[in-house]
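J.: Sequence:
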Amino acid sequence: MSKIKPPAAFFDTLEEMPNPFKEPLQSLDHLLSDYPADAITDYQHASEFIYSYRGSPDTFSTYRREIEHFLHWCWLVAKKSLHQIVRQDIEDYVEFAKAPPKSWIGQKNVTRYLNKDGHRIPNEQWRPYVSPSNVYAPSQPALQSLFSVLSSFFNFLIQESQLAANPVSQLRQKSKFLRKQQTHGKIRRLSPLQWEFVIDAAEILAAEQPELHERTLFIMNALFAMYLRISELVETPRWQPQMGHFQLDQEGNWWFVTVGKGNKERDISVSDAMLNALKRYRLSRGLSALPRPGEASPLIHKTRGKGGITSTRQIRGIVQGCFDAAATKMRQEGFEGEAERLGDATVHWLRHTGISEDVKHRPREHVRDDAGHGSSAITDRYIDVERAERHASARQKQIR
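Using the numbering used here, read the sequence shown as starting at 277 and increasing by one per residue.
Simulated from the structure, these hints should not be mistaken for laboratory data. Please read these numbers as outputs of a predicted model, since none were measured by experiment. Ideal placement from N, C-alpha and C gives every residue a C-beta, glycine not left out. Heads up, some of the hints might be wrong.
FRET-style restraints, in silico, Cβ to Cβ [to be verified]:
hint, residue 1, residue 2, range
1, Asp334, Glu609, 19 to 25 Å
2, Val353, Glu291, 26 to 32 Å
3, Gln608, Ser421, 35 to 41 Å
Listed below are the simulated PhoX-like cross-link pairs for lysine-lysine, each with C-alpha atoms no more than 25 Å apart in a straight line [as the list claims (entries may be wrong)]:
hint, residue 1, residue 2
4, Lys281, Lys355
5, Lys605, Lys384
6, Lys392, Lys281
7, Lys392, Lys378
8, Lys356, Lys281
9, Lys384, Lys356
10, Lys374, Lys355
11, Lys578, Lys636
12, Lys392, Lys582
13, Lys378, Lys355
14, Lys356, Lys378
15, Lys392, Lys298
16, Lys392, Lys605
17, Lys374, Lys298
18, Lys636, Lys673
19, Lys384, Lys281
20, Lys555, Lys578
Given the sequences, and given the hints that come with them, work out the whole structure.
T.: What follows is the structure, given as structure tokens:
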């Protein structure tokens with residue numbers, strides 16, 4: 277299986293993906309040399325399904341990934357079109373996804389498409405799966421995402437009169453793929469030491485290249501101090517974050533108004549430290565220290581051109597640069613283990629880290645509302661007191 281040629285990226289980025297309703301694809305020859313007869317129809321429906329989630333960058337990326345992986349398997353491994361897929365095929369695909377061919381696994385994320393002679397072409401270095409060790413093993417949340425997205429996709433095809441049944445819903449024992457947990461999974465976040473090195477790295481970058489990295493420092497502060505999701509920093513058709521979204525109330529308190537998961541608007545209380553970070557960032561851009569009511573300046577500006585950043589990939593690259601610089605410094609100072617674990621960190625860990633630190637000192641209801649959690653039960657997952665007490669009570673257990 278490892279000799280199967282790695283497939284091309286079937287779908288471009290959110291910013292570059294053409295509107296499939298206006299520009300239907302006529303051929304897949306630029307992506308595949310051999311494909312089933314109905315593949316173009318499959319691709320058209322898949323494109324329309326994915327494109328409909330363009331209002332949320334995170335959801336778009338998740339749906340694109342799962343649908344793309346599944347089409348890779350359908351066309352290149354099973355040699356089937358979507359209308360030929362039955363329940364057993366879903367089981368076979370899940371087993372494949374749990375151990376994909378090594379030739380399909382990359383050791384780092386690379387751009388999906390490249391610009392060449394005015395055209396977008398698939399990047400030959402791109403791989404569907406990514407693992408630094410070149411051994412891919414999906415987590416339980418990843419498998420849950422697989423089932424959820426594919427089920428939604430097949431329901432969409434049924435509504436479009438393309439299929440008569442949903443093969444995912446016909447599975448009788450998803451439990452053989454999905455483990456039930458007695459407790460909630462561990463929250464993925466930075467340790468206090470890791471965060472110290474990460475924010476130090478951002479401050480050093482800002483001091484060395486202020487014209488570029490004052491923005492970097494502000495991004496890191498905003499992700500941590502206001503628990504922002506990456507999608508809340510970039511401009512999308514649904515949301516354009518602006519300086520005017522920092523708002524002063526009648527009591528002299530500053531709030532940041534954002535639109536998050538589920539298209540829900542929320543107010544985030546802005547701490548004094550975050551307000552100082554905002555002032556520093558704005559002054560570095562030649563703006564007044566604090567925003568005017570209704571100010572339309574982009575929250576995260578482009579360094580080239582006008583307007584705000586529209587790419588979540590660019591934000592991820594900025595954050596990863598801080599992670600890499602922090603890991604290098606940690607190794608130099610002898611924190612090899614912490615540096616190694618930092619290699620697994622993602623942008624979303626900063627949100628988790630900020631929430632975890634705040635819930636130690638603030639009422640959980642306050643943290644819940646700032647984070648946009650639907651219930652206190654979600655916020656409770658960030659409280660480690662009971663877990664710590666459970667371990668402390670077990671520490672002195674005797675075996676003999």
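J.: Taking the CB of Val353 and the CB of Glu291, does the distance hold inside 26 to 32 Å?
T.: About 30 Å separates the Cβ atoms of Val353 and Glu291, which means 26 to 32 Å holds.
J.: Mind checking the alpha carbons of Lys392 and Lys605 for me, to see if they're no more than 25 Å apart?
T.: Violated, at about 37 Å.
J.: Do the alpha carbons of Lys378 and Lys355 lie within 25 Å of each other, as the hint requires?
T.: holds (20 Å)
J.: Taking 25 Å as the top limit, are the C-alpha atoms of Lys392 and Lys378 close enough?
T.: Since the Cα atoms of Lys392 and Lys378 sit roughly 28 Å apart, the hinted pair is violated (cutoff 25 Å).
J.: Given the hint that Lys356 pairs with Lys281, does the C-alpha gap stay at or below 25 Å?
T.: With a Cα-Cα distance of about 17 Å, the restraint between Lys356 and Lys281 holds, given a limit of 25 Å.
J.: Within a Cα-Cα threshold of 25 Å, do Lys392 and Lys298 meet the stated pairing?
T.: Within the cut-off at roughly 23 Å; holds.
J.: How does the Cβ-Cβ distance of Asp334 and Glu609 compare with 19 to 25 Å: does it lie in that range?
T.: Taking Cβ atoms as reference, Asp334 and Glu609 lie about 34 Å apart, which means the hint is violated.
J.: Starting from Lys392, check that the Cα of Lys582 is at most 25 Å away, please.
T.: holds (24 Å)
J.: Can you confirm whether the C-alpha distance between Lys392 and Lys281 stays at or below 25 Å?
T.: OK: Lys392 and Lys281 at ~23 Å, within 25 Å.
J.: Starting from Lys374, check that the Cα of Lys355 is at most 25 Å away, please.
T.: Roughly 19 Å between the alpha carbons, so the hint for Lys374 and Lys355 holds.
J.: Between the alpha carbons of Lys605 and Lys384, is the straight-line distance 25 Å or under?
T.: holds (21 Å)
J.: Are Lys636 and Lys673 close enough, with their CA atoms no more than 25 Å apart?
T.: Between Lys636 and Lys673 the Cα gap is close to 28 Å, so the pair fails against 25 Å, i.e. violated.
Of the numbered hints listed earlier, those contradicted by the structure are 1, 7, 9, 11, 16, 17, 18.
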